[in-house]
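Trainee: Residue numbers (this note's numbering), protein chains in the order written: chain A, 1 to 370; chain B, 1 to 526.
Bear in mind the hints are in silico, worked out from the structure with no lab data behind them.
We put the beta carbon where it would ideally sit given N, CA and C, even for glycine.
Each hint should be verified, as a subset may be incorrect.
Listed next, the in silico BS3-like pairs over lysine-lysine satisfying Cα-Cα at most 27 Å (straight line) [said to hold, decoys possible]: (1) A:LYS279 - A:LYS300; (2) A:LYS69 - B:LYS10; (3) B:LYS417 - B:LYS486; (4) B:LYS417 - B:LYS492; (5) A:LYS279 - A:LYS254; (6) B:LYS492 - A:LYS69.
Some chain B residues well away from chain A (every beta-carbon gap over 10 Å; in silico) [claimed, not checked]: (7) GLU59; (8) LEU102; (9) PHE152; (10) ASN177; (11) ASP234; (12) HIS240; (13) GLY246; (14) LEU289; (15) PHE291; (16) VAL326; (17) ILE422; (18) PRO443; (19) GLY485; (20) ALA505; (21) PRO507.
The following residues of chain A were derived to be distant from chain B, with all beta-carbon distances above 12 Å [as the list claims (entries may be wrong)]: (22) ALA258; (23) ASP272; (24) ASN353.
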Amino acid sequence: MGRVFSTAALALFAPLAGAENQVNMSPGVTEIGANIFELHMLIMWICVVIGVLVFGAMFYSIYAHRQSKGHQASQFHESTRVEVAWTVVPFLILVAMAFPATSTLLEVYDNDASELDILITGYQWKWKYEYLDESGETVSFFSNLATPQEEIYNTRNKGENYLLEVDEPLVIPTNTKVRFLITANDVIHSWWVPEIAVKRDAIPGFINEAWTRVPEEGIYRGQCTELCGAYHGFMPVEVHAVSRDDFDNWIAAKRGIAAVQTALAEQTLSVDELMDQGKRVYGAACLACHGAGGEGGVGKAIAGSPVVLGDIAAHMALVANGVSGTAMQAFGAQLSAVDMAAVLTYQRNAFGNNTGDVVQPGDVTGAKNG
Amino acid sequence: MGDHHHGPAKGVTRWLFTTNHKDIGTMYLWFSFAMFLLGGFFAMVIRAELFQPGMQLVEPAFFNQMTTLHGLIMVFGAIMPSFVGLANWLIPMMIGAPDMALPRMNNWSFWILPPAFLMLASTLFMEGGAPAFGWTFYAPLSTTYAPPSVTFFIFAIHILGVSSIMGSINIIATVMNMRAPGMTYMKMPLFVWTWLITAFLLVAVMPVLAGAVTMMLMDIHFGTSFFSAAGGGDPVLFQHIFWFFGHPEVYIIILPAFGVVSQIIPAFSRKPLFGYASMVYATASIAFLSFIVWAHHMYTVGMPVAGELFFMYATMLIAVPTGVKVFNWITTMWRGALSFETPMLFCIGFLVLFTLGGFTGLMLSIAPADFQYHDTYFVVAHFHYVMVAGAVFSMTAAIYYWLPKWCGRMYSESMGKTHFWISFIGFNITFFPQHFVGLAGMPRRIPDYALQFADFNMMSSIGAFIYGASQLLFLYNVIATIVAGKRVSEEKVWDGAEGLEWTVATPAPYHTFEEPPAVPKPAGTI
């Protein structure tokens, strides 16, 4: 019998040995995060003290006042004085808790005087980041889960940042008050990074504000925290806090890439270029619903699809406008002309579709303007 | 007594056409237990998938259907009907009434439930799958982006809302009109009080829920835009309406549980309930506060700071009347003559674990801290401590406590105690580690998780299987009692039990209190 129990205990607790198992909230790296952490610990300890007193009394009673020990029950059953005391004392404790809670909340809500504004838009199931700039040269990109399907479906060993890694992280400068404007394109999402103590719902049609000032360079990871559909668990947030100089270089490079993309949209690309780019775009935008082999899933199959094998303009219109009432989004505003041309070409030639059709960026801009 | 021509009808028509509060109570209890097993099975699917990181058993879309149906079935199919069943059995017997005030409506309010849940469960087999938007069904995930089965879900919610409202009207009418002479309000057993207040909450908020799902229906099928910003509506409006229902709803679940505990602890302490009047006032205060705290579920939606502060302060206040209740229970035990039969064990389990859930509730009320807790497993742990260790433990205690009176047979005490200890340990192995992963950053409602959460999730799953299995032992114990338990015939099955239900014969005859009883002494001394 004893052996059964110790084996059971081992089975339960053996996995705990060695691994890092965080059991408490992280104070994170920001001042607000540290304040929230202190508030959390303060209230937890108040609860612990009250709990020890209350349960102490209860367990003493359970120990000392048992019938089996021959204890006789007294019959007292009310005392107004006692009732008033245990109404007033907890009330005063609550008032004491309310002070630090209020001041921390006011800090969280102080969105003024930001030095950098970033618009965050939640999509099913990715984030779009736009760096708002008065000059009009807005840098914008999507941030998708980078963990490969093979890891999720257990055919390959899981990496260190399993489910918490993205293809393009959000980059912010350190020691800068960054204001996030948070919204969504389809359903409600919620943007959360525990280490920088920001969680705010992303609500379609409305814009929420939040801010942070990160003092240390580093990589901070989080996840979507509002159920947003099938792949809610697969839209992480990755924030890279870098020095101001690195940030300026990064944003300049981003602007350069945007310019190259605009230039590419004017050109005619080779089939190989389109197919390479298309495979990347497919992986980021289509794969979750339509499957790695185009076999379908949440969405319809791409392989052998009558839409894909049919008229190019109709195919493009469907991808650009989505199908209302289904999970098929309107990708027209999400994909650049190059990406759109590439993914259409890829879909029409991969998975045994072999139509031989090539869609050029010019066709996409032509369709948009025409 | 002895009126055998007034006994139950034979065969299935007894159950279909019955207007007897005991028959209807029994049907509610069995139905809710069946739903408890079904919702529990869905929970086992969830915990099996979460046993290890990576997707193993189900697809993410199906996982969401499981979490949604688990929540809906446990809240609306298991916990709520189980307490209605208890109310049916006990309220007439506790206030000295021959039956419920509206017996035919009573029959109807039960019999519309099974079709509603059959319809809800049938969505699993529909194209596009069952509802997958969580039991809180936030728009627009539950409208524009919902599977077609959402329409059946809306219809099911309507039916069970109708059922709840009818049940509540019946309880209010019974308590107000059918008390035996001398049974004044302040002599009523606390279980009756808590149910009276709960019934008012239900009548107030179920129509609000009906309004919410009707607006969803309009948005889905009739081109309105209540919850769509594109048409001038507001998705956050849905959350305000839902939680205006939803917060009173959690007290609808827990207040009758408070009532049960307030009956059982005095019985096994052999001492009157301490502070009867303050218990009544505390219950009423909790009910009032439940209407002005709803937006604490929505701290992250971007409310103005004044709104956040109001809802934070109001929510913190709930700790006061809840604290009064816990202090009163413990003072009731103080210097009593305690014994620890199964019902008392479950009540002590309730007391400890519900209070822990209350503590985490207080932590969650603090708005800035909630920015880190919100929608994580910390919340999941919190509400399972109050819903499972609160409502379900007290319900289990109630079954063990009143079953001998109902069927005239005693359950197996050793099996009951085994059930308690396995439940208690299994429950804590399941839900205690969820505080840790929540604080460490694991969001709720995800089918797969990052590697640092793996160990605690595995523990949690093992605990869930233990807790789940222990319910089968409970089922076996109850059936074995009804079929072959040791007969008991004394009216007061428990020596410390007080109240009119213990003055009738054991097992309770089909009709009780056809003549109103004399009410012996003030309920303050119950």
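Trainee: Could you run down the list of hints and mark each one as holding or not?
Mentor: Each hint, compared with the structure:
1. A:LYS279 - A:LYS300: Status holds; Cα separation ~18 Å.
2. A:LYS69 - B:LYS10: violated, 50 Å
3. B:LYS417 - B:LYS486: This hinted pair holds, its Cα atoms lying about 17 Å apart.
4. B:LYS417 - B:LYS492: Distance ~21 Å between LYS417 (chain B) and LYS492 (chain B) Cα, so the pair holds.
5. A:LYS279 - A:LYS254: Cα-Cα ~22 Å, so holds.
6. B:LYS492 - A:LYS69: holds, 23 Å
7. GLU59: violated, 8 Å
8. LEU102: Answer for LEU102 (chain B): holds, closest chain A Cβ roughly 35 Å.
9. PHE152: Check passes; 17 Å lies beyond 10 Å.
10. ASN177: holds, 29 Å
11. ASP234: violated, 7 Å
12. HIS240: Non-interface label on HIS240 (chain B) holds, nearest chain A Cβ at 13 Å vs cutoff 10 Å.
13. GLY246: holds, 15 Å
14. LEU289: LEU289 (chain B) clear of chain A: closest Cβ-Cβ about 13 Å, beyond 10 Å.
15. PHE291: holds, 19 Å
16. VAL326: Per Cβ check, VAL326 (chain B) is inside 10 Å of chain A; nearest 7 Å; violated.
17. ILE422: holds, 12 Å
18. PRO443: violated, 4 Å
19. GLY485: Non-interface label on GLY485 (chain B) holds, nearest chain A Cβ at 23 Å vs cutoff 10 Å.
20. ALA505: Since the minimum Cβ distance to chain A is about 27 Å, ALA505 (chain B) lies beyond 10 Å and the statement holds.
21. PRO507: holds, 26 Å
22. ALA258: ALA258 (chain A) is indeed farther than 12 Å from all Cβ atoms of chain B, at 29 Å.
23. ASP272: With a cut-off of 12 Å, ASP272 (chain A) remains clear of chain B, as the shortest Cβ separation is near 34 Å.
24. ASN353: Non-interface label stands for ASN353 (chain A): nearest chain B Cβ at 25 Å, farther than 12 Å.
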